[in-house]
Amino acid sequence: MYNMFATGKIDLALIVTDLFVLFFIALILYLRKEDRREGYPLEDDVTGRLEPSGGSLWMAKPKTFKLAFHAHDTTVPNSVRESQDVNARRSGRAPGLPLLPNGDPLLAGVGPGSYAQRPDTPDSLSHGEPKIAPLRVATTFFVERKDVNPVGLTVVGADGVAAGVVTDVWIDRAEYLIRYLEIELKGSGKHVLAPMAMVIVNKGKKLIVVDALLGAQFENIPTLANPDVITMYEEERVTAYFGAGTLYATPSRQEPYL
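For the sequence shown, counting from 1, position 22 maps to 12 in my numbering; every step adds exactly one.
FYI, nobody ran anything at the bench for these hints, they're computed from the structure.
Even for Gly, the Cβ is constructed at its ideal location relative to N, Cα and C.
Each hint should be verified, as a subset may be incorrect.
Calculated lysine to any residue pairs in the SDA-like style (CA-CA distance at most 20 angstroms, straight line) [to be verified]:
(1) Lys195 / Val151
(2) Lys121 / Val151
(3) Lys121 / Arg169
(4) Lys196 / Ile168
(5) Lys56 / Leu32
(6) Lys56 / Gln107
(7) Lys196 / Gly147
(8) Lys56 / Arg26
(9) Lys195 / Asn139
(10) Lys180 / Arg163
(11) Lys51 / Val66
(12) Lys51 / Asp63
(13) Lys53 / Pro88
(14) Lys51 / Asp35
(15) Lys56 / Thr111
Label-pair distances were calculated between CB atoms; the ranges are [as the list claims (entries may be wrong)]:
(16) Leu21 / Gly194: 26 to 34 angstroms
(17) Arg39 / Pro102: 23 to 31 angstroms
(18) Val219 / Thr240: 18 to 26 angstroms
(19) Gln107 / Ile15: 32 to 40 angstroms
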């Protein structure tokens, strides 16, 4: 039986519903403030004018993140704008239209070749050693004997042209994965890295196939400052080059699919 003495004329179900709605509104406001920690203030797509941040109701209070093994901490949100200039031109005046790269599209840093300005320091393990390293440095690791060892195999591009030979394997010491293949380029002898996720190991023909690039385009892959260490910024640049190749390696890749 309904207890009038406990609740009187108060509708508990309605109160609970109202409290949930208020909580949900507060949650949305909180999440919208938190997702504005980076990349703000916004920039107008056409004019380049900076949009206002929206005030304290919409913008989260600055928070400092202490980064392990880095020389400085990061406080966001802030008014610092990235100094990187986009090496591209607008394809039209309407907002949202794609950018067209200038010069070598694989190095323009736009579209699938865009990259973030990550710290120019290596990603580290908990005790400070670089997480990603070649097998010549990470001597306690090895390629499983049941798998094909890519070292010594020829690398070819999407056009079947040989670009070079794999000389080493770069592994992720935290995840126990192969992250990159080190390639000595044919002719120049330059050493570059290819992301393992972008290569196909042809076990039958004993080849490493990279569909993202043509054979001649391996020459411009960004190189490392230290031959035994890759920084997070260098990872962005290397991966972005191969990403750009998926669209810009040949003119036909930029045409619409039928």
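What hints, given by number in increasing order, does this structure fail? 2, 5, 10, 13, 14, 16, 18
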